[in-house]
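Knowing the structure of chain U, use the given hints to seat chain Y on it.
Top to bottom, those sequences are chains U and Y. Just so you know, our numbering puts 466 at position 466 of the first sequence, and the rest follows in order with no gaps. Just so you know, our numbering puts 306 at position 306 of the second sequence, and the rest follows in order with no gaps.
Some hints here could point you the wrong way.
What the hints assert, rightly or not - Subject to a maximum C-alpha distance of 27 Å in a straight line, what follows is the list of computed BS3-like cross-link-like pairs (lysine-lysine):
1) Y:K38 x U:K13
2) U:K314 x Y:K42
3) U:K327 x Y:K296
4) Y:K11 x U:K428
5) Y:K110 x Y:K68
Simulated from the structure, these hints should not be mistaken for lab results.
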Amino acid sequence: MSEFEYASAPESKEIAKIAASYDLFIGGKFVKAKKGKSFDTINPATEEVLAKIAYADKLDIDLAVKTARSAYTKIWSKMPAKERGKYLYRIARILQERAREFAVVETLDNGKPIRESRDTDIPLAAAHFFYHAGWADKLEYAGVGSKPKALGVVGQIIPWNFPLLMLSWKIAPALAAGNTVVLKPAETTPLTALLFAEVCQQAGLPDGVVNIITGDGITGAALVNHPDINKIAFTGSTEVGKAIARSIAATNKSATLELGGKAANIVFEDAAFDEAVEGIVNGIFFNQGHVCCAGSRLLLQENIADEVVEKLKKRMSLIRVGDPMDKNTDLGAINSAEQLKRIKEISNTGDAEGAQRWSAECKLPTKGFWMAPTIFTGVSQAHRIAREEIFGPVLSVLTFRTPAEAIEKANNTMYGLSAGIWSDKGSKILWAAQKLKAGVIWSNTFNKFDPASPFGGYKESGWGREGGRHGLAGYLTSESKVKK
Amino acid sequence: MIVDGSEKSLKDFLDDLPPVDQVGVEARATMLATRSIKTTSKAWAIDMAISMVDLTTLEGADTPGKVKALCAKAVRPDPTDLTVPSVGAICVYNDMVKVARAELDLIGGKHIPVAAVSTAFPSGRASMEVKKQDTLDALNAGATEIDMVIDRGAFLAGKISQVFEEIKIIKELCGNKAHLKVIFETGELVTYDNVRKASFIAMLAGADFIKTSTGKVAPAATAPVVLVMLEAVRDYFALTGLKIGVKPAGGIRTTKDAIKQLVLVNETAGPDWLTPSLFRIGASALLNDLLMQRMKMRTGHYASANYVTMD
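The shape of chain Y in the complex, shown without the other chains:
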């Protein structure tokens, strides 16, 4: 046990972390964005990125029809080319988990997990009882990944042990039934120091994945934020031997953006993290751009948007 969960032990641990220099971390992210990924490595990266997409719909207007269509897309992203891998997961609100699970099982997507956003997503403003029930509902409906939000209010008010405790409780509910992803909403934490602290709080409390954002607040998964989180999982691995995953979500829309994320992973946490079990990209529009780029690499020319399916 690195920390005993008390406010003091957490604070001592976090105070020992080195600070993040804003200018320096942004410069490093900018430099890594200049990596030129071409030909064979681009083809490899596109397929890897597709297999890492958490295909997401988180709208008030979500219906069973919409969710089922998304499931079809998740299993066979490009129906004309069966060499395209299926995506990493489907990500929905907890009332859509049952629909998604049943549909995936029906159409040959048994291997694709369903992730549910939880704990009063996206704001996290509800009682602990509600947050627990939210999570249980999702688990009972068959979710095998839980994307919870932290209480940013508590974090910003300095109530670190409360943030830690909530994650621990949700982790216990997940048990070995589901992977826990912890969302920070980095656009609300604002500073890189906060992102580093939140990363360690979540990992110490038992997160399997740390995730940037809900997708409802901008800025979301900026390169420097992801870089800081990748440094955190790298350092946590050095400390404990445990590999924690990272999931940027929000604002990653193009193949270029996705490849830049993979470069960040490769040169920060290292190649071990280049697998869907340790890196996911929360996105919806991104998948089609990846498919169009893949088509371009295969045929040598760009197709119109009508050549990829809209769902």
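Chain U on its own, in the form it takes in the complex:
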């Protein structure tokens, strides 16, 4: 009997029309970077160059912020709220219409499996615009007083793990609340943001309401430090988040920071094991583990630990690693050589500190950046791999004896973004959810997102919330606070 091998089932690249080079999107037009510098964005699965991207420096950012300010004062702040909502609806519909194209570009630029960009990233991005479109003319119910006002010009910096989705988390609420934006996508994944610029044109969005500038960390810092920015919204590492907090201290700028995490995924003895194993896999291997809320610390009740680990290893052997464009791929490429190096560095401390490494057997492609799904057992709170965010497909497995100990270990971290609880007992779930210090808690599921649900962290996982009414409020102020 021959085995049921799945023949390759690649999504077509033809639908993605990627230009050879991209300029900055300022004032509704693509404009050249003033100094003419550029950088390449590559496909991390093949290391092929996808496009040349303009590199924005201080002068370009100044132009973008000035353009956004003028669009805010002259057009966007004067437009009736209902009209603003119409633009958001239009953007949402265009994203749905062009979903396949966006999914392909996202996968090529980011390395994530096409199944995920097609079924998760792009539909959720459209959902964020639909959700916030509805808010545009109902801001007085957002909880910031009866006459809420926009903040003005918002600088937004997004990460490379969910490029279009993070863009939508940032831009949709900002525009619904009446702000204009200057957004910087990550250096390794600028393409869907630039494609989104085309969507803004297609939707007839007034020039300058959305500006997209591309570059690296220096570009980001210049945006943060621009004096005419009213708010910074950042998603990324805790390290950079702290730097932003320092640089905006003693200014009038407000900030939302979505930072790192080291989420505990707690499996109690009375859990549905098969579904818990699915949840563990989804928690850490979804998007190659490049997820700030990934369930990267598995806490197993000691009396079921061996059984669950055995089931988990069997399940991990089924994970299909490889070509992200193949519709059957479960785990794609690591986003960059730099990230792969970082994942390996921290993982190696696991070996050095005496944890037991196990990786699923899989053939990794020779080109591109790859990492087999990996778990470490025998991990304790004192291990670096139990404390630091790895941001890759690497799971640390710890055990606990009692529910109280599970909570204590789960909370014993500098982070507090998310947590998972697996139990068939409702009372235990509610009890644990009350005790866990994390912004998002999933029970009997993991990595579920909805635009109506606020997302954000405790402690070093960040400030503020994104999504829902709480996220929207971060882009509004009550009238009394506005400087006359």
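Same frame as chain U, now just chain Y:
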């Protein structure tokens, strides 16, 4: 012996099984349904699915003529293409077993087993004496596979040992003459926890196969139900070293549906189960869709329904 057959030992065993989370198992089945099976793997899957079909007719209007026609179809599903494998079995009521066996033997289908539905199929509402006689009739007529139904009433009333005992009795009648498939009618058991429990009761009582449904009640072989049963045979194998087969029946009508079932098998019980001796699909209309898809793969275009035989 894992259980001694007493109510208590069965209950203890079943209570130790982990629960099934409805949302989680349905999400897993939905995800596996997105697998894209193309080209060479699709061709392989179509032939595998054909060889797994339990070609079924279970109508009050069944006649010898109808059953004989079905036998011809079972042996040579596509008379214009002899590379098409024959099906897994013919499945009929016990009074048609003799006709089916004789016809198959006559037309070159000696290798195709005849399965008989039994134990007062489909409701299972009869005395044990009747159920035994039903099974004996089928065995005497030459059935080598018995598809019995469990007593859902007893199961839902909590009389687990009664369900267990009935299966054991029928298994003893089958002896080494026939394979026993145990039908749960999952549409009447309703919850996934019940499906998992029924699976283990049947396996512990000696089932060779566990089967979703009679085909007379909807919903029948839904993907999550089959997934739970595949997990059960996988776990039972880990526990005992015995490989028990799975047979979804009812509602699988298209090639797409059948391939989704094979994906569930491949990624749950594992590739060892991808054989007609461990996985069957109870169906009637499915076979023609498989044949049409096979023709399409060979010729590159779809033929009209008149190019496959109607029986």
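Notebook entry, point to check: Given the hinted pair K327 of chain U and K296 of chain Y, is their alpha-carbon gap at most 27 Å?
Noted result: 22 Å, holds
Check: Does the alpha-carbon distance linking K38 of chain Y and K13 of chain U stay inside the 27 Å limit?
Finding: Between K38 of chain Y and K13 of chain U the Cα gap is close to 18 Å, so the pair holds against 27 Å.
Notebook entry, point to check: Between K110 of chain Y and K68 of chain Y, does the CA-CA distance stay at or below 27 Å?
Noted result: With Cα atoms ~14 Å apart, K110 of chain Y and K68 of chain Y stay inside 27 Å; holds.
Notebook entry, point to check: Is K11 of chain Y within 27 Å of K428 of chain U, Cα to Cα?
Noted result: 24 Å, holds
Checklist line | Pair hint outcome, K314 of chain U versus K42 of chain Y [Cα-Cα no greater than 27 Å] | finding: Cα-Cα ~25 Å, so holds.
Hint compliance for this structure: no hint is broken.
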